[in-house]
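A.B. asks: Since the structure of chain A is provided, determine the placement of chain B on it from the hints.
Protein sequences, first through last, are from chains A and B. Under our numbering, residues 6 to 421 are what the first sequence spells out, in order. Under our numbering, residues 5 to 309 are what the second sequence spells out, in order.
Keep in mind the hints are simulated off the structure, nothing from the lab. All residues carry an ideal CB built from backbone N, CA and C; glycine is no exception. You may find that some hints are simply not true.
[What the hints assert, rightly or not] Residues from chain B shown here face chain A by an in silico Cβ test under 10 Å; the list is partial: (1) Leu27; (2) Gln125; (3) Pro158; (4) Ser280.
[What the hints assert, rightly or not] Result set (SDA-like, lysine to any residue): computed pairs, CA atoms no more than 20 Å apart in a straight line: (5) B:Lys68 x A:Glu329; (6) A:Lys398 x B:Gly147; (7) A:Lys276 x B:Ile157; (8) B:Lys284 x A:Glu227; (9) A:Lys277 x B:Ile159; (10) A:Lys83 x B:Lys284; (11) A:Lys325 x B:Lys68; (12) A:Lys398 x B:Val137; (13) A:Lys223 x B:Gly7; (14) A:Lys247 x B:Arg183; (15) A:Lys398 x B:Lys68.
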Amino acid sequence: MGNIYKSQFAKKSAVVAGISLALGLSLGINNATAADFPTAVVNTTGLAVTDTSVTVGILHSATGTMAISETGSIQAEKLAIAQINEMGGILGRKIEVIQEDGASDWPTFAEKSKKLLENDKVAAVFGCWTSASRKAALPVFEKDNGLLFYPTFYEGLEQSKNVFYTGQEATQQILAGLDWIAKEKKAKTYYLIGSDYIWPRTSMKIARKHIEQHLGGKVVGEEYVALGDTQFGSVINKIKLKKPDVIYAAVVGGSNVAWFKQLNAAGLNAKKQTMLTISVTEDEVLGIGGENLEGFYTAMKYFQSLKNPNNEKFVAEFKKAYGEAAVIGDVTQAAYLGPWLWKAAVERAGSFDVDKAVVALPGYELTTAPEGYVKVDPNHHLFSKLRIGQWRKDGQADVVYESELIAPDPFPKGYQ
Amino acid sequence: MFGYTMEEVGNIVVMQGFSGLSLFSVLLLMALGLAIIFGQMGVINMAHGEFMTVGAYTTVFMSKLAVKYEIVDSYFIFAIIAAFILAFFIGYFIEYLLIRHLYKRPLDTLLATWGLSLVMQQIFRSTFGAKEVSAELPEWLLGSFKPTPDIDIPINGVFVMVLALIVTVGVYLFMFRSRGGLRIRATMQNRIMAGAVGINTQKVDRLTFALGCGIAGVAGAAFTTISSTGPTTGSLYIVDSFMVVVFGGAASLMGTIASAFGIAQAQSILQFFMTSSMGKVSTLMTIVIILMMRPEGLFASKVRK
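Pulled out of the complex, with its shape left as it was, chain A reads as follows:
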């Protein structure tokens, strides 16, 4: 059936060779001091780089509706930057951070991007969260030739010279998850439900095509609820009538909490109904309550409970920095990758110049990622695995499935 997400994956030996090369390279450069890299050489475009420091921007919503989601990303980016500084910084320079608040307002993201790039001359920005905020900021980054690391899993259909996407694009998150549930649960009928905006709609379009054309399944219902809607009585009754094998859900925000609470109260718990969602991370579980999610599945590239040495170290350090109660969701981890990838880009380029860093990053393999291993594709997205987590009552997930490494494909043929 032509798995597009496996096709690029024949070259395992090349990958292994790449890891050792990258390791050697980064180790060699970490011992470098600023003196080895004169400012005039590493910064030819007037960025905020001095002999001892380099300035970057963090641009997320610390206030407004989206603060609930973006706070984790801010924390992760700051943690990564602090760790890089502890290791001696980048090209012998400490990273300084200017944090701006997008305030959950998309035009504000554009304004603040402009401020960061034109006034502060930051060398890179880690930020944006919703697609709407990224779309608002994108023209500014392209005009001012800035560099943005964007952490959220999103709908794809975008690729910019000035942006690296550290979350998954839609096909990476959707296809392997559907394959798994079709095989594991022998699912034939699917009910698609999402919030009514671009990400769920694009995702469901891809999901429907995959279900109908590749899995031989049937979509028995496709539903979008208004953002912020909290009443699911009628929708749940429709689902009860249609009796789908699987509910495939991408509901977000306050609606998400209401959806799970009311679903459970209506008797559709995991014992009776299989559900795969692509919009619940550890962050959301706090609000939904573990008892309402127990047994349901989520498809993400990262779960806090992931067992590997990188992740155990990351979780420990995150909790040390932000308290024992802190939880880490998929996007938080992806945000953590941003500063590390930027460091790699600059060191491979031997320069802070955006043009040089941008071309130096593709092909880079980050072996210290909490999610395990990621590789930067020439299309500026990351190779990553997909995992299926099954929620426990305590708000953590058991990883029940892990895919092969999946190549990013932001413009999937046959899915648009």
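C.D. replies: Positioned in the frame of chain A, the structure of chain B alone reads:
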């Protein structure tokens, strides 16, 4: 019928009927406090949703205490009372500090209370964190009641319904069968006359506003069982609340009840037969058309202007 057995259709009709009633009680509960503040006093309280959030956070806080002292089974009733008291007193002070200076400038109250809602949201965020939280609910509020194996009646829905009934009856008795209610109605109908016969109208204003806020607090506490608790939770309810009150006819309690019932049934049925978004859009369209024909709302108050 449409490939479903009669029994399946019957079950769905029962559950669908219930979800209509459930939506009715949710809308009623969220609009009652506003019906008093906006309907009786004419104050456009954009911070209504945030008073509901006060109630929600009170419940979450009480649930933490309850877990600590192992009284999870019974705390919820106390949480609702605490939510009322807290929201009542916050409302009381807000009226004293802010609202009473703006009675003659209704559009300014709109701006001022909107600002207040932003301030309150940020206070919630700074105090409780930006992330959503959930209250530990007692066992008896979870799950569903099953009269037959295929019918599930959500218990939290029944709970909200009972609470909506109690609060509505309580508000009715207070407004129409007590001295306090009489004073409120007298003040709202003719402030000067009410003052002349010895009613302390300023005190009445303050208590009326606080009462509306207190009821919002109760609604917020009840909604922790069916929905989310976060700094911006209130904004999920504010539009629906105003819709119910305005559609019902601002000054009429019966109007609010009728309007909540009408909107709930229309929305519930339309959302079943159309998609969820389209159901909501159609409901709103109907409301707009009816309001164009009856600008005063369903139950216009008959007062001399």
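A.B. asks: Flag every earlier hint the structure violates by its number, smallest first.
C.D. replies: 10, 11, 14
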